[in-house]
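> Sequence:
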Amino acid sequence: MLSRYLPIFIILSILAEVLGTVGGFGSSVFFVPMASYFMDFQTVLGITALFHLSSNITKLGFFRKGFDKTLMIYLGIPAILFVSIGAFLSKYANPEILTLILGIFLIVFGLLFLIKRNLEVAASKKNALLGGSLSGLFAGLLGTGGAIRGATMTAFNLNKEKFIATSAIIDLGIDLSRSIIYTYNGYVHQKDLYLIPILIGVSIAGTYLGKKVLDKLTQTQFKRLVLFLLVGIGALTIVFNLK
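In this text, residue positions in the sequence shown follow our numbering: the first is 1, and each later residue adds one.
These are calculated hints, taken from the structure and not from any lab test.
Keep in mind that the hints are not guaranteed to be accurate.
As the list claims (entries may be wrong) - Derived lysine-lysine pairs resembling DSS-like cross-links, with alpha carbons at most 27 Å apart: (1) Lys91 <-> Lys125; (2) Lys116 <-> Lys216; (3) Lys91 <-> Lys162; (4) Lys223 <-> Lys116; (5) Lys223 <-> Lys126; (6) Lys223 <-> Lys212; (7) Lys212 <-> Lys162; (8) Lys211 <-> Lys223; (9) Lys162 <-> Lys116; (10) Lys69 <-> Lys162; (11) Lys216 <-> Lys162; (12) Lys162 <-> Lys223.
Claimed, not checked - Label-pair restraints from in silico Cβ distances: (13) Arg4 <-> Ala122: 45 to 55 Å; (14) Gly186 <-> Leu6: 21 to 31 Å; (15) Tyr5 <-> Ala122: 19 to 29 Å; (16) Lys126 <-> Asp40: 30 to 40 Å; (17) Lys212 <-> Ala123: 28 to 38 Å.
Positions of the beta carbon are idealized from the N, C-alpha and C atoms, including for glycine.
Turn these sequences into a full structure, and let the hints steer you where they fit.
Given below as structure tokens:
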């Protein structure tokens, strides 16, 4: 099926990369539900992990103005540990139920902070640990946890370049871990490897276009856009889950 609709798949993948770059939490939140129309869920997990490796390396090339070291430790380390757990459990979990829970969480979180603009999540190490653990677990189970990481990182009021660079380097560790486990689980198939160079090109083009959009946004606009995207991702996640 995919070979027949490959041009459409490539265009949608570029769009996912652009939106993931602008939002700062990676393309998988858009790529996973989109790719699920073209291939089975376990194959989507394997391809997403490989795609994200090139995507995050590309982002680190475009956004290299520094990282938040505290978040790299307190959010990144638990994320990498829990993505391994989630990747192992992905063989046994019910993706429909987990996807529905994720969608509801993102809608509630995004709307809450859009309506109550003065509401803040404490930028604490405890919340970073919790957000990192949940984002890693969902990334391993469902192929996407960047929106939870993005939701956590909004509390720390990072400038947009540091936000994206920090998110990308954490995501890189997550993708390296789950790629190994997904391959062990048999999710990466030889017949699909031709997609890797295509998706590398997609990640470069999408990140470049996303950066052009970001350059035109103020810091306030960027933060509100992240919240709007979280709500939109949550709604799309539920819709795709009910298809």
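> Going through the earlier hints one by one, which of them does the structure break, listed in rising order?
Structure breaks hints 1, 3 and 15.
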